[in-house]
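Enquirer: Turn these sequences into a full structure, and let the hints steer you where they fit.
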Amino acid sequence: MQNTSLRAGPTPKNIVSVCIDEIKEELVAGRMYHCYSESPILFSNQLQMITEMETLYDKLNFPQASTRDRTLKTRKVQSVKGEEAEAVKDEQDIKNQVGRKASFIVRVNSRQNATWQGSISWTEKGVTKHFRSALELLKLMDSALGDETMKDD
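Residue numbers (our numbering): 1 to 153.
Possibly wrong hints are sitting among the right ones.
With a cut-off of at most 30 Å between alpha-carbon atoms, the simulated BS3-like pairs for lysine-lysine come out as follows [unchecked claim]: (1) 139 to 24; (2) 24 to 101; (3) 129 to 89; (4) 24 to 129; (5) 89 to 125; (6) 95 to 125; (7) 59 to 139; (8) 59 to 95.
Bear in mind the hints are in silico, worked out from the structure with no lab data behind them. Source: prediction; values computed, not measured.
Expert: Shown next as structure tokens:
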């Protein structure tokens, strides 16, 4: 049985490196890296970033969601059962990615109450904070980026 702990096991499934390259009118753009893709996932705003991360977690079925997403339109649910995703990068490769404005390591440990719980580490400052929702994650990133934009002005 594969261990998915952050401290042990081959590769933690829940580590995503978020590299912020541009901040323009309260929108952040950048790249995301995870163990299951050689190439970065580009995003042009916070919603796209969150959506891409949620898609990854749904694909991996880890952390497992406690509820199903609801939408206003009907859609086909694609579930791939029995397939284990294969890691193509190791944890250190993910953690070494750096953004032009800021870099974060996001660990989503659970998806309870239709949102995320986990921790975020601000790479440049060495600060780690825990979050109880995706909104709180965005607020923590925004507060860190607020410090960065003050330096640029």
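Enquirer: Run every hint past the structure and note whether it holds.
Expert: Against the structure, the hints come out as follows:
1. 139 to 24: Roughly 17 Å separates the two Cα atoms, so the pair holds.
2. 24 to 101: 11 Å, holds
3. 129 to 89: 25 Å, holds
4. 24 to 129: It holds: about 25 Å lies between the C-alpha atoms, which stays within 30 Å.
5. 89 to 125: The given pair, whose Cα atoms are some 24 Å apart, holds under the 30 Å limit.
6. 95 to 125: 14 Å, holds
7. 59 to 139: Holds, because 26 Å separates the two Cα atoms, which is no more than 30 Å.
8. 59 to 95: Given pair residue 59, residue 95 holds - Cα atoms ~21 Å apart, limit 30 Å.
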